[in-house]
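Undergrad: Single-letter residue listing:
There are 2 protein chains.
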Amino acid sequence: MTYLESSEFITLSDYRTQVRTGLWTGPSRGVDPSFVQCNVVILPEDWAESFQAWCKENVDVAPIIASSAPGDPSLPALGEIDIRSDLPQYRIYHHGAFSHETTSLTQVWRDGLGSFTFGCSFSLEAALRRHNIPLRHEERGVGGAIYNTTIDTTPVGPMQGPLVVSMRPIHRDYIEQTIETCRRYPRLHGAPVHVGDPSAIGIDINQPREQFGPITVEDDELPVFWACGVTTQGIIESVDPDLAITHKSGHMLVSDLPLDSDLLNIP
Amino acid sequence: MTYLESSEFITLSDYRTQVRTGLWTGPSRGVDPSFVQCNVVILPEDWAESFQAWCKENVDVAPIIASSAPGDPSLPALGEIDIRSDLPQYRIYHHGAFSHETTSLTQVWRDGLGSFTFGCSFSLEAALRRHNIPLRHEERGVGGAIYNTTIDTTPVGPMQGPLVVSMRPIHRDYIEQTIETCRRYPRLHGAPVHVGDPSAIGIDINQPREQFGPITVEDDELPVFWACGVTTQGIIESVDPDLAITHKSGHMLVSDLPLDSDLLNIP
Numbered sequence: 000m001t002y003l004e005s006s007e008f009i010t011l012s013d014y015r016t017q018v019r020t021g022l023w024t025g026p027s028r029g030v031d032p033s034f035v036q037c038n039v040v041i042l043p044e045d046w047a048e049s050f051q052a053w054c055k056e057n058v059d060v061a062p063i064i065a066s067s068a069p070g071d072p073s074l075p076a077l078g079e080i081d082i083r084s085d086l087p088q089y090r091i092y093h094h095g096a097f098s099h100e101t102t103s104l105t106q107v108w109r110d111g112l113g114s115f116t117f118g119c120s121f122s123l124e125a126a127l128r129r130h131n132i133p134l135r136h137e138e139r140g141v142g143g144a145i146y147n148t149t150i151d152t153t154p155v156g157p158m159q160g161p162l163v164v165s166m167r168p169i170h171r172d173y174i175e176q177t178i179e180t181c182r183r184y185p186r187l188h189g190a191p192v193h194v195g196d197p198s199a200i201g202i203d204i205n206q207p208r209e210q211f212g213p214i215t216v217e218d219d220e221l222p223v224f225w226a227c228g229v230t231t232q233g234i235i236e237s238v239d240p241d242l243a244i245t246h247k248s249g250h251m252l253v254s255d256l257p258l259d260s261d262l263l264n265i266p
Numbered sequence: 000m001t002y003l004e005s006s007e008f009i010t011l012s013d014y015r016t017q018v019r020t021g022l023w024t025g026p027s028r029g030v031d032p033s034f035v036q037c038n039v040v041i042l043p044e045d046w047a048e049s050f051q052a053w054c055k056e057n058v059d060v061a062p063i064i065a066s067s068a069p070g071d072p073s074l075p076a077l078g079e080i081d082i083r084s085d086l087p088q089y090r091i092y093h094h095g096a097f098s099h100e101t102t103s104l105t106q107v108w109r110d111g112l113g114s115f116t117f118g119c120s121f122s123l124e125a126a127l128r129r130h131n132i133p134l135r136h137e138e139r140g141v142g143g144a145i146y147n148t149t150i151d152t153t154p155v156g157p158m159q160g161p162l163v164v165s166m167r168p169i170h171r172d173y174i175e176q177t178i179e180t181c182r183r184y185p186r187l188h189g190a191p192v193h194v195g196d197p198s199a200i201g202i203d204i205n206q207p208r209e210q211f212g213p214i215t216v217e218d219d220e221l222p223v224f225w226a227c228g229v230t231t232q233g234i235i236e237s238v239d240p241d242l243a244i245t246h247k248s249g250h251m252l253v254s255d256l257p258l259d260s261d262l263l264n265i266p
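Respectively, the protein sequence lines represent chains C and A. Sequence positions in the first sequence follow numbering that gives the first Met the number 0 and run 0 to 266. Sequence positions in the second sequence follow numbering that gives the first Met the number 0 and run 0 to 266.
Everything labelled a hint here was simulated from the structure, so no lab data went into it. From a predicted model like this one, the values you see are computed outputs, not experimental measurements. Accuracy of the hints is not assured; some may be wrong.
Computed footprint of chain A on chain C, listed as stretches where at least three residues anywhere in the stretch have a Cβ under 8 Å from a Cβ of chain A [what the hints assert, rightly or not]:
#, segment
1, 148 to 160
2, 163 to 175
3, 199 to 209
4, 240 to 249
Straight-line C-alpha distance at most 25 Å; calculated SDA-like pairs for lysine to any residue [said to hold, decoys possible]:
#, chain 1, residue 1, chain 2, residue 2
5, C, 247, C, 130
6, C, 55, A, 247
7, C, 55, A, 63
8, A, 247, A, 130
9, C, 55, A, 70
10, A, 55, C, 257
11, A, 55, C, 259
12, A, 55, C, 94
The beta carbon of each residue, even a glycine, is placed where N, CA and C say it ideally should be.
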């Protein structure tokens with residue numbers, strides 16, 4: 000059973016063309032990891048300011064890499080992007096409630112919508128690979144898992160919700176290097192939120208919110224948890240925008256930004 | 000054996016007067032916790048830019064709250080401070096090597112020296128108290144402890160060195176709240192670097208770099224580790240400024256900034 004074939008990456012241009020034409024509707028894991036993958040939140044103009052304030056207070060969860068002017072579907076800082084077509088799947092929310100998933104925004108796009116993009120931990124995995132830190136879940140041919148925690152994010156006005164984290168098992172001998180490496184990428188969620196004891200942050204390791212293959216944490220490994228962009232879905236559900244759009248978990252915007260871009264540094 | 004009497008705080012004005020006149024040369028733990036305590040690094044003008052760049056890359060270690068122009072011993076953003084007299088003890092470095100400790104900078108001050116101040120975890124403790132998180136070490140009448148880790152900070156040019164962390168034991172039931180609360184204070188070192196397994200970050204819990212009373216972590220507690228401003232001492236030792244000055248561990252600049260100051264937020 001193989002979920003990943005990390006030795007054979009899809010090129011960015013193939014991915015973007017196939018996503019744009021609706022041929023690719025699956026997760027973006029497996030696309031050339033040289034390019035930064037992004038979480039996406041799209042909101043009407045009147046919600047942009049307060050959401051941006053929430054992001055600022057929760058920068059490990061939602062580190063903004065680029066955002067667009069209201070009504071503008073392009074994101075020139077990230078390449079020749081059309082946000083309406085360049086994600087394989089989107090989640091649509093009406094009045095804070097999940098409505099449906101879709102592979103294109105042509106039906107729902109309207110004036111005044113603006114996009115926020117954030118670093119994704121798929122690219123943090125790429126950084127860990129570059130630093131020769133073994134990704135045990137990849138060696139097993141599976142993805143990581145996503146968990147709800149009982150840690151509240153920092154609320155801003157009515158925007159609030161629990162922290163969602165991604166988990167990857169890391170060999171005990173590589174924990175220090177993992178923390179050290181991730182600290183260098185604050186715009187990709189940075190250092191782990193927690194290492195080792197899932198119950199300390201309200202997690203039952205066998206009860207993920209989502210999993211991308213069977214979860215295994217061996218005796219010589221520790222589970223490592225990072226802030227996850229999926230958190231923003233709960234934030235949207237805490238308020239009442241008549242329309243809101245996010246990427247579907249794992250189905251990311253892959254940007255033209257290289258992993259060593261200055262845009263990944265703290266401004 | 001009582002190391003702390005947290006119910007009886009010294010007022011800021013008493014502390015500052017006594018420090019300034021040389022009557023107070025001990026640690027600043029126990030000063031009115033409503034006011035933000037700061038780590039301090041003082042460097043010649045030609046080192047200011049590269050040190051600031053290092054701070055930016057290691058913002059959890061060295062979150063700059065205020066800095067002064069070269070040659071200016073005042074820090075108006077933090078109150079009526081004279082950096083030459085308002086710390087109870089200083090550490091003096093020559094050419095990257097520790098020279099001696101002193102209670103005043105009048106002998107060593109010269110043109111071109113500039114100050115950097117950073118949030119200190121003494122004030123993070125104050126924030127935890129405000130959120131009703133029991134500080135078990137304080138209940139036992141002791142301070143925390145400081146450890147060297149085997150995690151490298153992010154180097155900038157020749158400036159490099161291992162991360163130093165502070166440790167406090169927290170009851171297992173309060174770990175989530177501790178992380179949640181600390182995330183709200185990014186300028187006071189923010190969320191813990193690690194919780195639970197000292198060996199995962201290269202620490203032998205019985206071998207602190209410094210301790211402020213006997214170290215105890217009970218079965219119902221976990222050791223919680225935060226990035227510590229003492230890290231900057233190693234950074235100074237990695238380069239060659241003819242003169243550098245830091246606070247002595249635990250002997251902080253207490254500012255006029257209240258704990259709810261906007262200056263503690265991410266800019």
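Undergrad: Go through the numbered hints given earlier and state which of them the structure violates, listing their numbers in rising order.
TA: Hints 4, 5, 6, 8, 9, 12 contradicted; others consistent.
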